[in-house]
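> Here is how the chains run, residue by residue.
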Amino acid sequence: MLISTIVITLLGLAFGLGLGWAAIRFRITSDPLVDRIDALLPQTQCAQCGYPGCRPYAEAISKEEADINQCPPGGEATIRTLADLLGREPKPLNSENGEEKPKTLVVIDEQRCIGCTLCIQACPVDAIVGAAKLMHTVIESECTGCNLCLPPCPVDCIDIVDIETDILHWRSPRPDAGIIKVVMQ
Amino acid sequence: MTRSFQTHEAPHMPPQTTVAMVMLRVLYALAPGVVAYAWFFGPGILIQIVLAIFFALLFESLMLRWRNRPLKLFITDYSAVVTAVLFALCIPPLAPWWISCIAMLFAIVFAKHLYGGLGQNIFNPAMVAYVVVLISFPQVMTAWLPPLSLAENSLDLADSLMTIFTGQVPLAGGWDAITQATPLDTLKTGADSGRMVSEIRDLSIFGDYGGVGWEWIANWFALGGFFLLFKRVINWHVPVSLIGTVILLSLPFWLADPDNNPFPLQQVFSGAIVLVAFFIATDPVSGCVSNKGRLIFGAGVGIITLIIRRWGGYPDGVAFAVLLMNMAAPLIDRYTRPRIYGE
Amino acid sequence: MTHATPDELAREAGKRTHHFHGGLRLRHNKKISCQDPVERPPLPEILIVPLLQHAGDIAEPFVNVGDHVLKGQTIGQYQSCAAIHSPVSGRVEAIEDRLMSHPSGQHGPCVVIRPDGKEQWIDLKPVIDWPDAKPEKLIEKMRDCGLAGLGGAVFPTHTKTRNGLDRNIHTLILNGAECEPYISCDEMLMREHPEKIILGARILRRALGAERVVIGIEDQMGAVQEALTRAADKAECKSVSVVKVTTIYPEGGERQLIQVLTGLEVPADGRPADLGMVCQNVATAAAVADAVAEGKPLIERYVTVSGNGISHPRNLLALLGTSFSHLVEHCGGYTDDVVRLIVGGPIMGYPVASDSAPVVKASNCILALTEQDTAVPQPEMPCIRCGECARVCPAILLPQQLHLQIKNGLWNELEEYGLSACIECGCCDLVCPSHIPLVEWFRWGKGQQTQRSLESSATDQARKRFTDREQRLLRIKQQRAEKMSRRKQMLKDKATQQESIRAAIERAEKKSHIQRDTADDT
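Protein chains in written order, with the numbering used here: chain A, 1 to 185; chain B, 1001 to 1343; chain C, 2001 to 2522.
If you are wondering where the hints come from, they were derived from the structure by calculation, not from laboratory data.
Ideal Cβ placement from N, Cα and C applies to all residues, glycine included.
Check before you lean on any hint, since a few could be wrong.
[Unchecked claim] Just a few of them, taken from the derived set where beta-carbon distance is under 7 angstroms, the chain A residues facing chain C:
{"no.": "1", "residue": "Q43"}
{"no.": "2", "residue": "Q45"}
{"no.": "3", "residue": "P124"}
{"no.": "4", "residue": "V125"}
{"no.": "5", "residue": "D126"}
{"no.": "6", "residue": "G130"}
{"no.": "7", "residue": "T144"}
{"no.": "8", "residue": "I167"}
{"no.": "9", "residue": "W170"}
{"no.": "10", "residue": "R171"}
{"no.": "11", "residue": "S172"}
{"no.": "12", "residue": "R174"}
{"no.": "13", "residue": "P175"}
Put together the whole structure using the sequences plus the hints.
Rendered as structure tokens:
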């Protein structure tokens, strides 16, 4: 009886030491959680989640101050990947934050622009080029579609446009999952 | 004058083979073995097959309804029927009816649908069912019959039905009057008690290779297996590596010590090796994806079976071997990805 | 025995034939369209020439509405890509969006021409001295004549040849192994105009600087081999050999054909030029002959009109821009049970919504299929993992794994499992008992992969810009706060306070002096 106790204790110690050594020897240095969450967010910087940008939202999620379903541009796909990362249950997008919509761009109507720079100051990614009393223009490739430039514009010269899917950028559509098709019939 | 057409995704000339056809081919291939089984051991097996199919389809319909899947499409793909028949071939011909019921519950509900349904099961459903009832009800699962040619008492169809549904054998002497140990069981108990293999083989239940009757059934299953190979329903890799491994591994043992080790072909024709090699280990869903992986899979089943037969508690361990290799299949797949063109 | 190096093996192309992995033996269905000699349908009333005909960008039109154009006149070009020409002489009626022959089924910019029936050619400028001309001149001629791969990929011929020039090409392979069922346009071309193909082969050989030409044909094209060999002998061309390859679909795929002829595999992220070879379709070679020896730009091509839905299947020599309906009319029209119109073959082709779509450089076949042809015996079921798809895949992939990964969004594994090596041949589709549209999944998967890599670089950019802006604003805020606190500090000190007030008054007086002086001066 005593022997077994001693043997088991020694084995336990040995395995414990082994695991400790392995934990140090094979440690994986991974990004801090905030970086990993931020990597999954769409970087639209639109503040629809209630935070002034994707990074602040990522920080709030990591501190568990915010839920994972507050990002409309990320939509369901982002909720699912966040749920995967954090080991939580995916849930539907919180409608208070907005609706999931396809990405759009904005265009400044140069005829109406008065050069007030309010939109330039509002853009979270510096996608608008211009200066005081000079023409303002949106750089199409940098615009994330956050629409934060629309409210400050005093003459409402900024329009939301759909991204053109021209024939050169056409991609094959997703085949319908057959089971769903059959079940729906 | 122009004309408009409906567009549709490729392929535009769809393949003519269907899932049902593939499953039916497997059933055709099993037929000769089933006939041989009934010939050697009586009509019990046919009753078991009917029972198993009934319960399998019953549970399949219930699960499909519950999961909101199209009933007719999946019932008529015959996959549940194949599982049922394979299971029925593994159990004693006079096993009570509730064995099939519990087994099909585990096979269809747990091992198949709860993993996602057709094409998603990790473990072979027939083997899961067999192992569950074997471990839970060892008495009834070891009540095997001798071949008709050697039996002192045998039951006809009506008596078989009575036995299966009531659990009572309608003969004086009850179960003991009709059951006998299988060849593998005899070999194991004989070897454990120190008798030599050649002595054991003198017993009447042994034929040229395996047991009387059993070896012929294995032959007919092998024939069915060749039919499947010819029709490209299965690949040669699993059967060849499984049977090859069994022969290659038992060869050195037999050469070294023929008194205490059965010779290789006896191993092959005993138990369910041939059935498993062609019909069960070749189950594509729970097996490996690449040909190299299949070779490893078959070899693994062969090795584990021999180990269990020699040193384990069960006379025939091939069902456990299949389940253990099912567990290993995804890992084997990861390391046996074939080299892509141009790599 | 010493092992041959890849280079040696490549130079032995065609001496023996090898095998490629997988493939399927299919019913050809080619004879039905090979019964009649090829002829030109009557001139259509209107021609619609899309400005997107090649891999690349949409061409700029060089003509305006109302212009009169001659046959073979250049009507559009994108920068220095292959040019697009008018197939007839006539008047430009419109330049507008019309239904194009494109897998997307979308409309695109087209030049609509009404022929005047005169068929007046422009001044043709053949390169008569091509045997002595510089390769660069031949390449320019190919570009100006709008030559592109007529096997279906429409890759500009001049680009391929120019790339080959830099790479030490020793063998030119002409692909006559037309492997998809029903399509027989290349076979008819080889039967009827073998001399053009041989001439084109010689010109391309000169342009590439290659030593030899190997023409690969299917082993059931007996008459073709004779015709080509005779034409080669007549032209006294010793460097051309005609090799028969076993007819297993898809032996006409570039990579598979090279593997069959040489036993070598084209590297996964490379081109045949890496092996010292260039592969062109036989119809492209014939077009090269027309362009260089006669100066004729690419304005027409052989088109197979076939299928059980056509009353009288045959091959036609169609002008680019002819609507499919015009061609079908010339083949006796549709049968009663036709349901689907495909551009291309039954495996790799795409459906088109209306037969008003025009013939473009890539249109090798129009296939009309009936109810019976397209009837599906079973709706799509889950994958039963039977492994048939892996058995037949010529690229040695595991289609069932790729399908699983695409469906479940496992994008990282897809790279490893080689989705980009898929040639979309459709062999896996044809053997799947569950009737899963595997090639459609792979096409979508490839599109998603491209999308994701584009998106990830865009999100990285947006993240960077956001962070930079935050830092800039923070920096400005800090600088301002610093300045404020320094000022405050200064004002606190009474002595410096007096000093700074006096200095400010001085500055203001100086400024007003300057202003008064300048005001006096003016």
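> None of the hints should be skipped; say for each whether it holds.
Structure-based check of all given hints:
no.	hint	verdict
1	Q43	holds (4 angstroms)
2	Q45	holds (5 angstroms)
3	P124	holds (5 angstroms)
4	V125	holds (4 angstroms)
5	D126	holds (5 angstroms)
6	G130	violated (15 angstroms)
7	T144	holds (5 angstroms)
8	I167	holds (5 angstroms)
9	W170	holds (4 angstroms)
10	R171	holds (3 angstroms)
11	S172	holds (4 angstroms)
12	R174	holds (5 angstroms)
13	P175	holds (4 angstroms)
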